[in-house]
Amino acid sequence: MMAETVKINGHQGDEVEAYLARPLTPGPTGGVVVIHHMPGYDESTKEMVRKFAAHGYAATCPNLYWREAPGAAPDDAAATARASGGVPDERLLGDVAGAAAYLRGLTSSNGKVGVIGHCSGGRQAFLSACMLDLDAAVDCYGAFVVGTPPEGFPLQVQPVLPLADKLSCPVLGLFGADDQYPAPDEVATLEAELRKLGKEFEFHSYEGAGHAFFAVDRPSYRPASAVEGWQRIFEFYGRNLAA
Amino acid sequence: MCTYLTQSGPIDGSGKGGSGWFTLTQATVYVDHPQHAPYEHTVNIDLANPKLGPSARVAVELTEEGALALIESIRAALASAPPGLASAHGPARPVAA
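Protein chains in written order, with the working numbering: chain L, 1 to 243; chain Y, 1 to 97.
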């Protein structure tokens, strides 16, 4: 595979840094937009991008904090973005759309692009699937997909659940049964809404796992759930992003 | 969880970051996932100077107990010094009898 840092055109045509990894095969291959979590465009997220490439996908992660903190260390960039109010949904959508267009523009592309996000990125992945033309979305324990963000929420973000009827693609949801954000009843609410709307989705909740069980460098890591979760992700993308 | 909620306010002083001392102008406090501390959530404090760029930052990630103990330590240290000794306006002047 090849892994490199590239520039893509994000929201409003802004040039934004992105990490790209892709197999060195002519294709055709599907693409994956990886939305980094709130702690930033960091090593663990880039590792995930490479994992998708190792599994045969062209994958890219736009640096959502590029505008506030170009070239900064991921933790400093995350702190700067947070202090300045975070990433507005509109800009996020523009950057994900730009990343998807970049992947579809690769000569190796089969035209299909999925999205994945964890934590805050899980919500953003679901939002992207509602608002953009995508082929598969993976929401890993995204909080505030259901319900209203807490009082004092610093961002101009929209509630996501009412947008569910606009879902453009199948959704895979991976959750920890011990997680409170999202809590199991919120996951159940989301599931009921998607069923009511006749949307294609697949949810898995793992017992003994809480929030961020995929994060290999955090105490929240749950190897068995994460290993199984990765299997579900590759099965799901295999079905929905294949040529 | 990602609490998103962030308390922020002006501060006046100096901090030592990766490239040496610099003037601090802003403190940001939030309870969320840490970058480094081995806990799921911590009280994160960024002492920064946004005008100098993202790396002009002194960051700490404390447990709730650690953060509260720090508050008490700050209060105790201030209480043990003459009023206003560390004030930007200088120590309070004794009132003439």
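For the record, the hints were derived by calculation from the structure and aren't laboratory data. Don't take every hint at face value.
Pair ranges (Cβ atoms, derived) [stated by the list, open to error]: (1) Y:25 <-> L:71: 51 to 57 Å; (2) Y:21 <-> L:3: 36 to 42 Å; (3) L:5 <-> Y:89: 19 to 25 Å; (4) L:133 <-> Y:10: 41 to 47 Å; (5) Y:70 <-> L:71: 28 to 34 Å; (6) L:216 <-> Y:68: 28 to 34 Å; (7) L:185 <-> Y:64: 32 to 38 Å; (8) Y:23 <-> L:105: 23 to 29 Å; (9) L:3 <-> Y:19: 27 to 33 Å; (10) L:13 <-> Y:7: 54 to 60 Å; (11) Y:25 <-> L:148: 45 to 51 Å; (12) Y:52 <-> L:185: 44 to 50 Å; (13) L:70 <-> Y:10: 43 to 49 Å; (14) L:238 <-> Y:68: 28 to 34 Å.
Far from chain Y, by Cβ distances over 12 Å, these chain L residues were calculated [unchecked claim]: (15) 2; (16) 39; (17) 79; (18) 120; (19) 215.
Idealized CB from N, CA, C, for every residue including glycine.
Are any of the numbered hints broken by this structure? If so, which, sorted upward? 1, 3, 7, 8, 10, 11, 13, 14, 16, 17, 18 and 19
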